[in-house]
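Q: Each chain, letter by letter, is given below.
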Amino acid sequence: MLWLMQLRMRMQMLFKRGQAAARLDEELRFHLDQQIAENLAAGMNPEEARFAALRAFGNPALLREQTRATWSWTWLELLWRDVCFGVRTLRHTPGFTAIAVLVMALGIGANVAMFTVVRSVLLKPLPFQDPDRLVRVFEHTNDGEFSFNIVAGGVYAEWRKQNHSFSDLALLGEGEFNLSGAGGQLPEFAHGANCTWNLFSTLGVKPALGRDFTAADDQPSANGTVVLSWGLWKRRFGGDPAILNQTIHLNRQSYTVIGIMPAWFAYPDASTQLWTPVYHDKPASVMSSLQDHEFPVIGRLGPGVTAEQGRAELSVIVRRLHDQHRNVALISKAAEVRPLLEDIVGGVKQPLYVLLAATGCVLLIACLNVANLLVARAAARRKELAIRAALGGGRLRLLRERLMESFLLSAAGGALGLLLAYGAVQWLVHSRHDLSRVEAIHVDGVVALFTVGLIVLCALFAGLIASWTARDKRLLASLQDSARSSSGGQAHTGLRRALLAAEVGLTVVLLVTAGLLLKSYARLRSSDMGCATQNVLTMRLALFGGRYGEPAQLVNFYTALLARVRALPGVEAAGFVQAVPGQGYWGDNGFTIAEHPPLPQGQAQFAIFRYADPDYFAAMRIPILRGRSFDPALKLGLAREVVVSKSFADAYFPGEDPLGKHLRSGVTEVYTIVGVVGDTRYAVSEDPKPMQYYPLLEGAGVENNGTLVIRSSHDVEQLALPVQRIVQELDHDLPVSDVLTMEQLLGKSTVDASFDATLLTAFATLSLLLAGVGLFGVLSYVVAQRTSEIGIRMALGAQREQVLRSVLLDGLRPALLGLALGLAVSVGVARLIRSMLYGTQPLDPGVFAAVAATLLLVAALACVVPAWRASRLDPMQALRTE
Amino acid sequence: MGKPNDLVQGTLDLLILRTLLPQAMHGWAIGKRIQQLSGEVLQVQQGSLYPALHRLEQQGWIDATWAESETGRQAKFYSLTAAGRGQLEKETANWNRLSAAIDIIVAES
Chain G
911 MLWLMQLRMR MQMLFKRGQA AARLDEELRF HLDQQIAENL AAGMNPEEAR
961 FAALRAFGNP ALLREQTRAT WSWTWLELLW RDVCFGVRTL RHTPGFTAIA
1011 VLVMALGIGA NVAMFTVVRS VLLKPLPFQD PDRLVRVFEH TNDGEFSFNI
1061 VAGGVYAEWR KQNHSFSDLA LLGEGEFNLS GAGGQLPEFA HGANCTWNLF
1111 STLGVKPALG RDFTAADDQP SANGTVVLSW GLWKRRFGGD PAILNQTIHL
1161 NRQSYTVIGI MPAWFAYPDA STQLWTPVYH DKPASVMSSL QDHEFPVIGR
1211 LGPGVTAEQG RAELSVIVRR LHDQHRNVAL ISKAAEVRPL LEDIVGGVKQ
1261 PLYVLLAATG CVLLIACLNV ANLLVARAAA RRKELAIRAA LGGGRLRLLR
1311 ERLMESFLLS AAGGALGLLL AYGAVQWLVH SRHDLSRVEA IHVDGVVALF
1361 TVGLIVLCAL FAGLIASWTA RDKRLLASLQ DSARSSSGGQ AHTGLRRALL
1411 AAEVGLTVVL LVTAGLLLKS YARLRSSDMG CATQNVLTMR LALFGGRYGE
1461 PAQLVNFYTA LLARVRALPG VEAAGFVQAV PGQGYWGDNG FTIAEHPPLP
1511 QGQAQFAIFR YADPDYFAAM RIPILRGRSF DPALKLGLAR EVVVSKSFAD
1561 AYFPGEDPLG KHLRSGVTEV YTIVGVVGDT RYAVSEDPKP MQYYPLLEGA
1611 GVENNGTLVI RSSHDVEQLA LPVQRIVQEL DHDLPVSDVL TMEQLLGKST
1661 VDASFDATLL TAFATLSLLL AGVGLFGVLS YVVAQRTSEI GIRMALGAQR
1711 EQVLRSVLLD GLRPALLGLA LGLAVSVGVA RLIRSMLYGT QPLDPGVFAA
1761 VAATLLLVAA LACVVPAWRA SRLDPMQALR TE
Chain S
4 MGKPNDLVQG TLDLLILRTL LPQAMHGWAI GKRIQQLSGE VLQVQQGSLY
54 PALHRLEQQG WIDATWAESE TGRQAKFYSL TAAGRGQLEK ETANWNRLSA
104 AIDIIVAES
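Residue numbers (our numbering), protein chains in the order written: chain G, 911 to 1792; chain S, 4 to 112.
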């Protein structure tokens, strides 16, 4: 009962405070009037009665205050009053407020955005059942040099059969699918995965609709089955559940749709649109090979088994296989495991943490800057504060006011920053589909909480620094100071200089990091691919199904396609290759050289291989250094020629003429080396590796996919549609994918480096700007403070140049100190990011020199205006300013 | 304020609650009543009375309603609540204990 009344009272006091205040006034007035009435009754005249009553009543304002103090929520009212006061003081200086809020917004926004990404990508557990039990499993390479090689099908089968450490092991491989059109739909190319039937159950995920694969689906003799991604189902099949148990055509074979995965499911990556059973799709020879390393493998550790125990057992099994099959050259000798999360995000971990650290620096600089601005304000308001303190303003109350001001700035900045962060995250998700786990990135409650935390932290940091300087125990001194402020506020500027030095130091670190990454990126973009990159168009084709079952059918298609493309007006040259430079490693094969003595048992040599048509080298302007390209007249079984790259010739024919020598690839086929061509890079950031080119027109059968390249003298993109039309006319059921110019293709593969470098440069520029503004602000303030001092000096005969130099040095000293500190720290930081650099030394003298020069230039610019102004002072005017 | 008849806070609460026991009153009347009943010994200052009334109201021991006063003006009338009655009993008991103890000491010396 009592608590109910108290609650009602509290609600009234909270929501009807204005009414309560009016009532109080009314109540007190009634009291006064009663008193007057009584005085009148006692025989006083009206005026006297009134004065006597007022006298007895005391100070009405004080009484009102004291009464109100008994009401609940008074603390809230006081807080509100502080807020109002803070808002009012901030509104007096809109320029200052706008700058401070903007600075905070940028600092907080950048941090919130990066935190969102880091948390979603790196910290959140994978959305699978017991994700910490999931690991990715690797084989070592045969020579033991690389521990994270993908796994051979045969080794996987033995592992799964023999091990006791894992509750299950699943295998998956990339799949490229031509999804045939039905009912007037265009054919479509879809990225997918071939997986063992237990992939989903190993991850602990069930299809949202339909059923999972069973062991019976995952056999060569089974009928084709497919599980679709939610996205593909919605987009291509209109989200109609009737598609279940229907047949669709993939690579011209029938597959029954048995399930739809949930919308959030994205494994191995977000571009995977469908899953098919691997034993059904892949030839038995590949699945049982012990040395064709083709497949990623994942495993779920059994209860109580550590990853190390699992690794040890798999190592023993593969080592035994190696020993049992001495005649098979490339079986590895050991296994490796690592947590699945690390496997998925390992590549982006360091760049993301570097970016997060950079945003942290930006925020620190922003806070220092705002603190600096607040210190300047405090200094300007010193007299006001001293007067208030002298009149009895509590120290705590004044401190609270200062903190409130900094809190208001941080809160406004934080709110704006959250918006900025939201926009930035949206932009990132849309522009970086390739980022691992990009589908998991969301702004959520934790992020909002993080923002609030940041706001409080920034407010305390900036506010406390500012109040610490404002805490002036010598009240009287402050009040007297103004009489002749020739050395006014020297103590204040000491702290501000220290802050500036810290700001400059952080800026230098950011600038150096950004500079190194920019240089890496420039190196990356200018790395010589070994082929034409201007006006070259590429597109991928994959030929599947009965129409291309025979080598002759493949060869006919390629011949017809290339002849028609070359006949198009505007086409200068066209060619076909398995993969163009920059498109990836793709594949290698083992080979022996017929003219060389056989390799010792257990050893093998292998190199990247490509299928190419005779005109490919000319089309890509890959120079033929010796010999010639393939003879276009030789086709099918007659085409037993091979072209090798320069580094291949150097590596395997040192001091010999490779032309006319023979390579034995596989078991029987022998190929004559007819030419040596220039080196190309399979990836932008990798040095050229030995390469062998085999004739496309041999039509060996398995190589049914590749890249069509078209070179033109100008505007090659205009040729995309006519070429696609030719493909459609030749085979209306053949989709074309990845239509990109060489420049776009290479740009895509360097998007990571470009992204990191661009963002860091933006952060560094922002810091530089902040540091410059900070320097300018402090120096201007110092000059204003020293006006009369400078006036006296000039009156006593100081030269303008001397004044200029003295002020300039005054400003440059913290900048120089910061620069030295920053460069020292950068040396350490640069070593930490070594692995993100390409073709750039961590201690690149050019970058360090450029950073130092830029910083000095900006610092000098920021200092020169106040210094010049000081040297222009009119001594008489200056002395009169007080 | 430091006047001799300035009342300690707890005692003022007790006096207000006791004064309100028979009937509801407005602030001015409460002050007058205390003064009258104490034979003009106790004079309640407005500076103490109104904060005390509002504090008691916040605590739910007295309730306030606006009603017409004897002069025909609207005035804020305070009345005792059930909880206030309980509080009055408690404070009366307290007071009796305290004043008895003080009496003993004063009589002894």
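Hints listed in this document are in silico derivations from the structure and should not be mistaken for laboratory results. These figures come from a predicted structure and were not determined experimentally. Using N, Cα and C, we set each Cβ at its ideal position, and we do this for glycine too. Treat each hint with caution, since some may be false.
What the hints assert, rightly or not - These stretches of chain S come out as covered by chain G in the derived footprint (C-beta under 8 angstroms, 3 or more residues):
#1 37-50
#2 62-75
#3 78-84
#4 92-106
Claimed, not checked - Cβ-to-Cβ under 8 angstroms is the rule here; a few derived chain G residues that face chain S:
#5 Met919
#6 Ser982
#7 Trp983
Q: How about the region 92-106 of chain S: do at least three of its residues have a C-beta closer than 8 angstroms to a C-beta of chain G?
A: With 0 residues close enough to chain G, the hint is violated.
Q: Check, residue by residue, whether the region 37-50 of chain S contains three or more positions whose beta-carbon lies closer than 8 angstroms to a beta-carbon of chain G, and give the verdict.
A: holds (count 3)
Q: For the hint on G/Met919, just tell me whether its beta-carbon gets within less than 8 angstroms of chain S.
A: 6 angstroms, holds
Q: Would the hint on G/Ser982 stand, with a C-beta cut-off of 8 angstroms toward chain S?
A: Since chain S brings a Cβ to about 6 angstroms from G/Ser982, closer than 8 angstroms, the hint holds.
Q: Residue count check for the region 78-84 of chain S against chain G: does it reach three with CB-CB under 8 angstroms?
A: holds (count 3)
Q: Is the interface hint for G/Trp983 satisfied, with its Cβ closer than 8 angstroms to some Cβ of chain S?
A: 10 angstroms, violated
Q: Three residues or more, CB to CB closer than 8 angstroms: is that satisfied between the region 62-75 of chain S and chain G?
A: Contact hint for the region 62-75 of chain S vs chain G: holds, 6 residues under 8 angstroms.
Of the hints listed earlier, those the structure fails to meet are numbers 4, 7, in rising order.
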